[in-house]
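Using the working numbering, you'd call the opening residue of the sequence shown number 179 and step up by one each time.
Worth flagging that the hints you see were computed from the coordinates, not collected in a lab.
Keep in mind that the hints are not guaranteed to be accurate.
[To be verified] Computed cross-link-like contacts, BS3-like style, restricted to lysine-lysine with a CA-CA straight-line distance of at most 25 Å:
id	residue 1	residue 2
1	Lys228	Lys451
2	Lys279	Lys228
3	Lys468	Lys451
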Amino acid sequence: MMSPLLNATFAFALGAAVCAFVIPVVIAAQQRRAMGQQIYEDGPRSHAAKQGTPTLGGLAFVAAAAAALVAHFSISDLTLGCLLTAAGTIGFADDLLILRKRRALGLRARTKSVLLLVAAIAFIWWIARTRPDHAAQAWFGHVVMLPQWLWAVLAVLAINGSAHAVNLTDGLDGLAAGTVVAPLAVLAYASSDTLVTAVLGGCFAFLWFNRHPARIFMGDTGSLALGALLAGAAVQANMILVLPLLGAVFVAEALSVIAQVASFKTTGKRILKMSPLHHHFELCGFSESKVTSVMIAASFCAACSTWLGLLLSNSRGLAR
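Can you build the whole structure from these sequences, using the hints too?
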């Protein structure tokens, strides 16, 4: 039996290796068919050059998760794997429609939200049946016992919201995968789930291909899968309450869109040059690479600060 550290190292390396193998295959398959990402017409003009870049890179995350399950099966990993696959399948359907239509019009937002809601409810139902301590949540020196109904509502909102937030963040080369690394690393340690660690390794491999200028995008296949996994791991680690702090960058991105829409509908004015937030920074004159680097650094600081706070306040016992 391997030690926890050796097991984590193996899972990380396995996920990275699987992604490093799958991604070139996905790129080559789309290039042979002259298929690629369709860019939104109302996005930044500088993004027009990204038109036709291969997408569906998120398939590599699903492959990494499957490999982790084969290598080290557990009910906990299987549960997370089902959630990741369900969210990834929803994203895949969206990406496939875009590729076939050759227009940036996939599934309707409402359709994706409803399907994600169904996946989240199924996941939460299973956790409630199999985890007696599911409602006990870590919060900086305290164990907060949530009412069952409140826990269920927060957990479902976390999964749905996290999936959409990561999806909104996936607008610059390396941004979504880069900003998800730190919070996912914290949750991989907190939950000790092999699958989470394998997908974390996959993110590092994906960044090699997704760094600017990107050779592939993760698409909704990847962003919805990563977002759902992030929240699902937080649910299993009893860390729902601190998830917004761990994923502060994703919260900021989502709130920027909400604020922009609310402001325009109520006053007719936009508070940002463009939403989400990363596009606003681009239009302020910052380069894509600089925006990505700063937001990844911010994600790292937020995740590390939150985890350090939990450690110092003696909440680590529950988190693990």
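Here's how the hints hold up against the structure:
1. Lys228 <-> Lys451: Satisfied, since the Cα-Cα distance of roughly 21 Å is no more than 25 Å.
2. Lys279 <-> Lys228: holds, 17 Å
3. Lys468 <-> Lys451: Holds: Lys468 and Lys451 sit about 18 Å apart, inside 25 Å.
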